[in-house]
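Produce the complete structure using the sequences and hints provided.
So the sequence shown is numbered by full-length UniProt numbering: it starts at 1 and just counts up by one.
Among the hints, a few may not be true.
Here are the in silico distance ranges between beta carbons for each label pair [what the hints assert, rightly or not]:
hint, residue 1, residue 2, range
1, A234, I46, 18 to 28 Å
2, A71, R142, 15 to 25 Å
3, I84, A237, 15 to 25 Å
4, A116, S180, 32 to 42 Å
5, L229, D78, 38 to 48 Å
6, T150, E43, 29 to 39 Å
Straight-line alpha carbon distances no greater than 25 Å define the calculated SDA-like cross-link-like pairs of lysine to any residue that follow [said to hold, decoys possible]:
hint, residue 1, residue 2
7, K33, D47
8, K67, V83
9, K67, V118
For the record, the hints were derived by calculation from the structure and aren't laboratory data.
Glycine is no exception: its CB is placed at the ideal position from the N, C-alpha and C atoms.
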Amino acid sequence: MSELDVRDDAPPTTRELVFVHVGFGTAAVPYDKAWDLQRRTQERRIDDEISDTVLLLEHEPVYTAGKRTGALDRPVGDPGAPVIEVDRGGKITWHGPGQLTGYPIVKLPDPRGGVAFVRLLEHMMMAVCAEFGLETTFVEDRSGLWVPGTPDRKLGSIGLRVRRGVTMHGFQINCDCDMSWFDRIIPCGISDAGSTSLSKELGRRVTVAEVTPLVERHLTDLLGATAPLHRTTAQLAA
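Here's what the structure looks like:
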């Protein structure tokens, strides 16, 4: 585990943290719809109209290509899902059913604290995996969460954008997704490693519904917030 104490830069404990369940399962969310919701939520957080908010969801199958995606990282031919260019860091990855996606819209204590926030998300994912007895690790110069092995296997991804001190985009944890989607790309531009899921590593089905409350609890703790609050998308828009 990293020696970084992610609580050093955490917001004060009086800060609220709101979780919004946008859509799961048969209500999986198209990427464009979620991206638009992120942008609108970020604007409202910049203007202090709302508290720190985390959007949690499953996507319809989609590939998103970050700003550093190279031509060789992309799928060849028809990958079976849209490829969308996005304004986050990182390279190409897949989102879809069986993967928990979280978009933290959080005002950072230091507007330049994006790297520290990435570390915080990594620690959150590690704590979630520890609840299942799964050993995970960080890999130098490679963001996200990894299961050690030969090769290392990536279980969780992170890609952020910070604007005016407020984050958007976020993290993905592979729960019980179809891993063949990752075979059609070079995930995150890393060709010498594999991809994995909680279900694959544990030898049993681990659902998004099982992982979601653990993410909420550990993210609330690491951000130093009060008990997690919940809003609907309609309440968020009000």
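Now the hints, each set against the structure:
| no. | hint | in the structure |
| --- | --- | --- |
| 1 | A234 with I46: 18 to 28 Å | holds, 22 Å |
| 2 | A71 with R142: 15 to 25 Å | holds, 21 Å |
| 3 | I84 with A237: 15 to 25 Å | holds, 23 Å |
| 4 | A116 with S180: 32 to 42 Å | holds, 35 Å |
| 5 | L229 with D78: 38 to 48 Å | holds, 42 Å |
| 6 | T150 with E43: 29 to 39 Å | violated, 45 Å |
| 7 | K33 with D47 | holds, 22 Å |
| 8 | K67 with V83 | holds, 13 Å |
| 9 | K67 with V118 | holds, 17 Å |
In the structure shown, a violation is registered for the earlier hint numbered 6 alone.
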